[in-house]
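K.L.:
Here's the letter readout for the chains.
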Amino acid sequence: MANGWSIIIGLVVIVAMSTAAWFFSPKGENQVLWRSSLILTFVSCYLMWAITFLAQLHPLIEPRRSDLRKEFIHH
Amino acid sequence: MAPTRDTPFRSADMSMVQLYISNEIGREVVNALGELGLVQFRDLNGDISAFQRAFTQDIRRLDNVERQLRFFHAQMEKAGIPLRKLDLDVGTLDAPTTTLIDELADRSQSLEQRVASLNESYETLKKREVELTEWRWVLREAGGFFDRAHGNVEEIRASTDNDDAPLLQDVEHNNSAPEVERSFSGMNIGFVAGVIARDRVAAFERILWRTLRGNLYMNQAEIPEPLVDPSTNEPVQKNVFVIFAHGKEILAKIRKISESMSAEVYNVDENSDLRRDQVHEVNARLNDVQNVLRNTQQTLEAELTQISRSLAAWMVLVGKEKAVYNTLNLFSFDRARRTLIAEGWCPSNDLPLIRSTLQDVNNRAGLSVPSIINVIQTNKKPPTYLKTNKFTEGFQTIVNAYGTASYQEVNPAIPVIVTFPFLFAVMFGDLGHAIIMLSAAIAMIYWEKPLKKVTFELFAMVYYGRYIALVMALFSVYTGLIYNDIFSKSMTLFDSQWQWVVPDKWHPGQSVSGNLTSSNYRYPFGVDWRWHGTENDLLFSNSYKMKMSIILGWAHMTYSLCFSYINARHFKRPIDIWGNFIPGMIFFQAIFGYLVMCIIYKWTVDWVGLGIAPPGLLNMLIYMFLQPGKLDMRLYAGQETVQVILLLLAFAQVPILLFLKPFYLRWEHNRARAKGYRGIGERSRVSALDGDDEDGDGQNGRHSIGSDDEGVAMITQNIDEDEEHEEFDFSEVMIHQVIHTIEFCLNCVSHTASYLRLWALSLAHQQLSAVLWSMTMAPALSSKGIGGGLYLVAAFYMFFCLSCIILIIMEGVSAMLHSLRLAWVESFSKFAEFGGWPFAPFSFSSMIEESEELKDYLG
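So the sequence lines, in the order shown, correspond to chains A and B.
Letter 15 of the first sequence, counting from 1, is numbered 15 in the numbering used here, and no numbers are missing.
Letter 469 of the second sequence, counting from 1, is numbered 469 in the numbering used here, and no numbers are missing.
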């Protein structure tokens, strides 16, 4: 379900959201403020999510620990 | 002027306006404009000293009233009468009429006299009271001396009249008490009684002893209660003294010495009956004085209480009135036509509002002469006026702390509203801390009105930034979820992409490692919780956060750089696009854009599946410069060629950056000169055209289009002739461009590196919260029994308090400062000029807000 395509899907989603933000920002002298802030927010949040997702997409190292208790080893 | 709507995107359009106001309504007009707060007046009387200006007299009178009001306030504080503070949010003050101000002046004048005379009589009475009290003490204590002294008369005599002592001794022995009293004067022994401050007693005794060579007998007693010195109002400890001595001259000497030591000498009768009468009299007088004193005090307090009700309002009124006259002093006054002429800046879009305000004032005054407002053309640099609202105010303040944006350039605060809190959140990411911060911010916004009154400075600062805190906290919630950190613990929101591979003969303590559960499933949101607490957790998170810092920094800087394109287009300077923006952008993208592309590409390749060792990107970037055309490890096919091309592309931009703009400007300048254009201020223009207009146009640098002759006459009175007629100087332009180029190229490297602070601070924050948990909560949770429970409670308090103080407040402040730097330096240096000066309109509300003096009077 969550694989490499998620990046593209996410991109499509935030482009759609940004377009919506552009057109549905309240009119008035603060319209530019709404547009800029909303779109920047979407882009920043998407960037951070995408970076985190990509970093785990093809992991080069795997987690390793030796302090696990018996009860949790199979979780 | 195109009537575009003013937005926060760039400074509002500003116009220089000239106002012609009839002298009679000058005060009313300025009052109305002050309430409006949209015009910044220019000083047209710069060459006239403050004392020679037209309305100095009025200001002086108001100063006097203000002094009187402050005097009342001081008196009230002394008497402990509370001031009724003025709440400007509840009721506004109407513009005062001149008669009201006159009345106020008269009233405060008479009140001042009244208060002063009451004070004076109070002080005299108080002095009298102290004297009487001292006298009473002297009488009481001296009585004691006398009674004791009479028992010792013979000894005194023995010592004074040594010669015939034996004879008289007998006589004295048989004497009865009343005769003893008489014998005092018979012995020619006199005395001086009085009161002296206790700390002077020793000196007093010594001086007396030395000057009189020991010919005295001094008695003293401490007055148990401290007496109040009426002149300084401080309690002083005093002693009563009685000095017996022989002979008039010596007594006179003692009196003199007492006076010089500022002791009070009181008249005390030797006879005990008389003394009793004296005590009675003193007591009666003391009573009288105290009664009068009480009455005076009450009258004074009643008077002050009455003043206290309206003092704050008066203070504000006078403050406003003074501001009005100070503004009027900036106007130039045409005596012949009895007209005031003012010049100032105002937002172009608010001109109709100003016009209608002037019309209103005119109508109210019933004046037939209209007030005129004219827009005048000028080449002076207009002030930058960035409109703010409750939400953007804080962000705009952050930007203005760095500098004032140039007129009409992109307001740097626009991207800051998101980027500043977001970069903060990248460093602060912890869901738990973010939620605490979010609740604090929401509380401050919910109780906005009551909290506004808090005057504690540190809180007022946080309160001022409450919307910044809100956005920061919201982003921190998001980054906390991404980092999967809540008080350094993780949340298992989704299924992990890892599972532990447990060996057959596993025993506790044996190391296990993870395995991907499926090739097609990845943790959908944030960092997988399996990483939490692992041995190689830092290895993963460091690589991830470092790369994220670079990518976010690259995005931030590219975005900022784009604003320089918007600026160049707005100012219609295509050379800034071709000579600065495009080569700069290519240079930056060829190096760091490429690096970011490589980072992303490397993530998308399944190196383990392919069985190839992944190349190190840092080495790749270094080798790209050090040995172009050669590779350390291959990332993709054709990498060498791409890198060489990019490198050449980047270096090719340097000469473009260096030379294109200066040479284009020189070419443009030479072309203009060839066509015969000259700068306005250049001497070569002094021709037959107009000799005297030269001053008006040349020095002021203003074409007086649209203003008639008298307007020009007025304009010539300007003093600030600091207009810059930039002579084209090629070497200067060249040097400027060289500096810009070097700075830009070096900054591309250093600024990208500077974004690594995002990684460093988020790492520090996460590690610190992990340490705090392991030192407080972890041992408490593992302890058992009732003791363990109590320990848990104590540990939780400690954990919570330290979380708030260190992790939220201290770490928050540090993350905020780092984010601030990223905004100020890394981002703003890419596009903003900061060459503007702020628009500071004449406004009562901002005047009252900023006034230190009025702060005490406003609630």
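Treat the hints with caution; some may be incorrect.
Here are the simulated lysine-lysine pairs, DSS-like style, with alpha carbons at most 27 Å apart [to be verified]:
{"id": "1", "chain 1": "A", "residue 1": "K70", "chain 2": "B", "residue 2": "K449"}
{"id": "2", "chain 1": "B", "residue 1": "K390", "chain 2": "B", "residue 2": "K453"}
{"id": "3", "chain 1": "A", "residue 1": "K27", "chain 2": "B", "residue 2": "K256"}
{"id": "4", "chain 1": "B", "residue 1": "K784", "chain 2": "B", "residue 2": "K387"}
{"id": "5", "chain 1": "B", "residue 1": "K784", "chain 2": "B", "residue 2": "K449"}
{"id": "6", "chain 1": "B", "residue 1": "K390", "chain 2": "A", "residue 2": "K27"}
{"id": "7", "chain 1": "B", "residue 1": "K489", "chain 2": "B", "residue 2": "K256"}
{"id": "8", "chain 1": "B", "residue 1": "K855", "chain 2": "B", "residue 2": "K85"}
{"id": "9", "chain 1": "A", "residue 1": "K70", "chain 2": "B", "residue 2": "K855"}
{"id": "10", "chain 1": "B", "residue 1": "K387", "chain 2": "A", "residue 2": "K70"}
{"id": "11", "chain 1": "B", "residue 1": "K127", "chain 2": "B", "residue 2": "K322"}
Computed footprint of chain B on chain A; a stretch qualifies when at least three of its residues, placed anywhere within it, have a C-beta under 8 Å from a C-beta of chain B [claimed, not checked]:
{"id": "12", "stretch": "11 to 18"}
{"id": "13", "stretch": "44 to 53"}
{"id": "14", "stretch": "57 to 66"}
To be clear, the hints were calculated from the coordinates, so they are not data collected in a lab.
Keep in mind it's a predicted model, so treat the numbers as computed, not measured.
The C-beta atom is built at its ideal place from N, Cα and C for all residues, glycine as well.
K.L.:
Work down the list of hints and note, for each, if the structure agrees.
P.N.:
Hints versus structure:
The hinted pair formed by K70(A) and K449(B) fails the criterion: a straight-line CA distance of about 56 Å is larger than 27 Å. As the CA atoms of K390(B) and K453(B) are separated by approximately 16 Å, the hinted pair is consistent with the 27 Å bound. Using a Cα cut-off of 27 Å, the hinted pair K27(A) and K256(B) is violated, with the two alpha carbons roughly 91 Å apart. Distance hint between K784(B) and K387(B) is unfulfilled; the C-alpha atoms sit about 61 Å from each other, more than 27 Å.
At most 27 Å may separate the alpha-carbon atoms for a hinted pair to count; K784(B) and K449(B) exceed this at roughly 48 Å. As the CA atoms of K390(B) and K27(A) are separated by approximately 18 Å, the hinted pair is consistent with the 27 Å bound. Straight-line distance between C-alpha atoms of K489(B) and K256(B) comes to about 87 Å, which puts the hinted pair past the 27 Å bound. Our distance criterion of 27 Å between C-alpha atoms is met by K855(B) and K85(B), whose separation comes to about 10 Å.
For a cut-off of 27 Å, the pair hint linking K70(A) to K855(B) is broken: about 67 Å separates their Cα positions. Taking the CA atoms of K387(B) and K70(A), the gap is about 63 Å. The hint is violated against a cut of 27 Å. The suggested pairing of K127(B) with K322(B) is violated, with an alpha-carbon distance near 40 Å, which exceeds 27 Å. Beta-carbon proximity to chain B at under 8 Å applies to 0 residues in the stretch 11 to 18 of chain A; the threshold of 3 is not reached and the given coverage is violated.
For the stretch 44 to 53 of chain A, the proposed coverage by chain B is satisfied: 8 residues have a C-beta within less than 8 Å of a C-beta in that chain, meeting the threshold of three. Using a Cβ-Cβ cut-off of 8 Å, 10 residues of the stretch 57 to 66 of chain A lie near chain B, which meets the minimum of three, so the contact claim holds.
Hint violations for this structure: numbers 1, 3, 4, 5, 7, 9, 10, 11, 12, all remaining hints satisfied.
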